[in-house]
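Given the sequences, and given the hints that come with them, work out the whole structure.
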Amino acid sequence: MSDEANVAEVLIDVEPANKTFRVRVDQETTVADLVKAIIERCEADGVSVERWARDRVGHENVSLVLMRKGAGNVALPPTTEFGRIVPVVEPDERFSLDATAIVG
Amino acid sequence: MAEDRQDRTRRFFGSRALARLARSHVLVIGAGAIGNEVAKNLALVGVGRLTLVDPDTVEASNLNRCIFFRESDIGRKKVRVARRALKAAAPGMELAVHARPIQEAPDAAWDADVVALCVDNEFARYYVNARLLGERRRVPVVNGAMGRTWAEASVLVPGQTACLVCLWSEDYHRSILGEEVRRKCDEFFQETRVRFPAISVLTSVAGALASTEVVKLLAHLPDELPPALGKRIRYDVRRHDCLVHDIMPNPQCVDAMCRKRRSP
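As they're listed, the protein sequences go chains L and S.
Residue 14 in my numbering is what sits at position 14 of the first sequence, and the numbering runs on without skipping anything.
Numbers given in my numbering equal positions in the second sequence, counted from 1, plus 104.
Take the hints with a grain of salt, since some may be wrong.
To be verified - Residues of chain S placed beyond 10 Å of chain L at every Cβ, according to the derived structure:
id, residue
1, D111
2, S119
3, L167
4, K191
5, E198
6, Y231
7, G251
8, S273
9, C289
10, S304
11, P326
12, R336
13, R343
14, H349
Said to hold, decoys possible - Beta-carbon label-pair distances, calculated as ranges:
id, chain 1, residue 1, chain 2, residue 2, range
15, L, R51, S, V348, 36 to 44 Å
16, S, R240, L, N6, 37 to 45 Å
17, S, E163, L, D92, 45 to 53 Å
18, L, R51, S, A126, 43 to 51 Å
19, L, V86, S, L325, 44 to 52 Å
20, L, R22, S, R109, 53 to 61 Å
21, S, R240, L, T20, 43 to 51 Å
22, L, T20, S, Q207, 37 to 45 Å
23, L, R41, S, R299, 27 to 35 Å
24, L, S48, S, K191, 47 to 55 Å
25, S, D345, L, T20, 37 to 45 Å
26, S, F300, L, D92, 31 to 39 Å
Simulated from the structure, these hints should not be mistaken for lab results.
No experiment lies behind these values; they were computed from the predicted model shown.
Built from N, CA and C at the ideal position, the CB exists for glycine as well.
In structure tokens, the structure reads:
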């Protein structure tokens with residue numbers, strides 16, 4: 001997302017919902033904001049992202065992670081603001097929701 | 105005799121890298137399924153010194169995927185059972201085992217070139233991360249874990265790359281600390297933990313990924329065998345997808361020491 005473009009639409013692949021969401025983000029939107037919005041949207045559709053994640057990683061506490069797929073594969077920390085991601089986020093760039101493994 | 109044992113390893117790495125492996129010390133935290141695999145591979149590849157730390161005892165439910173454990177070992181400390189098998193596999197390796205939580209391991213255990221983290225609880229990861237961030241030298245850590253259908257290993261140098269908790273949210277951080285407090289206060293907590301489905305093939309893959317990265321770090325052959333520094337490798341058995349991705353360091357990491365060591 002360039003400085004001139006304050007808002008961009010990105011695509012988020014969400015496996016438990018079996019769909020891709022188109023989401024509008026601005027410079028200050030954080031990864032945590034986006035993940036929260038996806039969880040709420042899925043819940044409204046009757047899909048529990050957290051139950052999916054618990055089943056995937058086998059633990060009550062799950063850490064959801066947003067993966068940037070467009071420019072290499074990068075796991076983004078929750079506090080990351082979209083306006084600070086380098087290289088800049090392109091319109092329609094693809095991301096995915098993921099869960100981190102815990103069991104050793 | 106020792107040369108014969110490592111003949112094929114020497115042909116793979118070369119004499120100088122093999123000597124580096126023989127001079128190396130690896131701290132393996134966790135002697136469960138992945139810890140068994142990692143310790144086995146490091147012993148066979150010629151690592152000179154290994155410290156294994158785990159407070160748990162062998163249970164019947166471990167026997168489906170832990171190469172070192174037998175029916176007769178149920179009730180015995182995992183690290184002591186592993187010691188017997190490791191000594192047989194690599195008699196020349198210097199081996200120390202500690203049947204206690206990593207928080208109570210002696211300082212000598214931390215005098216390691218690489219830490220292999222093979223635990224099943226996030227508080228241990230949090231503790232190890234804090235400990236490594238507090239070290240003056242930067243010590244690489246390879247974190248092995250499994251999901252339902254995948255195995256993964258991340259290769260991090262806390263304070264240089266992302267740390268082990270850079271991807272944690274504040275809420276997740278709080279829940280992990282809360283879980284640890286609850287575990288310490290509730291004597292029945294261990295019995296109420298959910299048992300995750302796990303099979304030997306996945307633990308073998310996870311152990312192979314993690315030990316490969318440990319060996320790459322120790323052999324120090326950056327052109328031929330570059331370690332996946334700052335990355336996570338994930339192998340999913342559903343469609344045999346292998347994904348390698350970067351873990352972005354978090355300037356607002358929940359660990360204050362990570363933030364401090366990262367600041368200019």
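Hint check results:
| no. | hint | result |
| --- | --- | --- |
| 1 | D111 | 32 Å, holds |
| 2 | S119 | 33 Å, holds |
| 3 | L167 | 17 Å, holds |
| 4 | K191 | 23 Å, holds |
| 5 | E198 | 24 Å, holds |
| 6 | Y231 | 14 Å, holds |
| 7 | G251 | 4 Å, violated |
| 8 | S273 | 4 Å, violated |
| 9 | C289 | 17 Å, holds |
| 10 | S304 | 14 Å, holds |
| 11 | P326 | 20 Å, holds |
| 12 | R336 | 7 Å, violated |
| 13 | R343 | 13 Å, holds |
| 14 | H349 | 3 Å, violated |
| 15 | L/R51 x S/V348: 36 to 44 Å | 28 Å, violated |
| 16 | S/R240 x L/N6: 37 to 45 Å | 44 Å, holds |
| 17 | S/E163 x L/D92: 45 to 53 Å | 50 Å, holds |
| 18 | L/R51 x S/A126: 43 to 51 Å | 48 Å, holds |
| 19 | L/V86 x S/L325: 44 to 52 Å | 31 Å, violated |
| 20 | L/R22 x S/R109: 53 to 61 Å | 59 Å, holds |
| 21 | S/R240 x L/T20: 43 to 51 Å | 47 Å, holds |
| 22 | L/T20 x S/Q207: 37 to 45 Å | 43 Å, holds |
| 23 | L/R41 x S/R299: 27 to 35 Å | 32 Å, holds |
| 24 | L/S48 x S/K191: 47 to 55 Å | 48 Å, holds |
| 25 | S/D345 x L/T20: 37 to 45 Å | 18 Å, violated |
| 26 | S/F300 x L/D92: 31 to 39 Å | 37 Å, holds |
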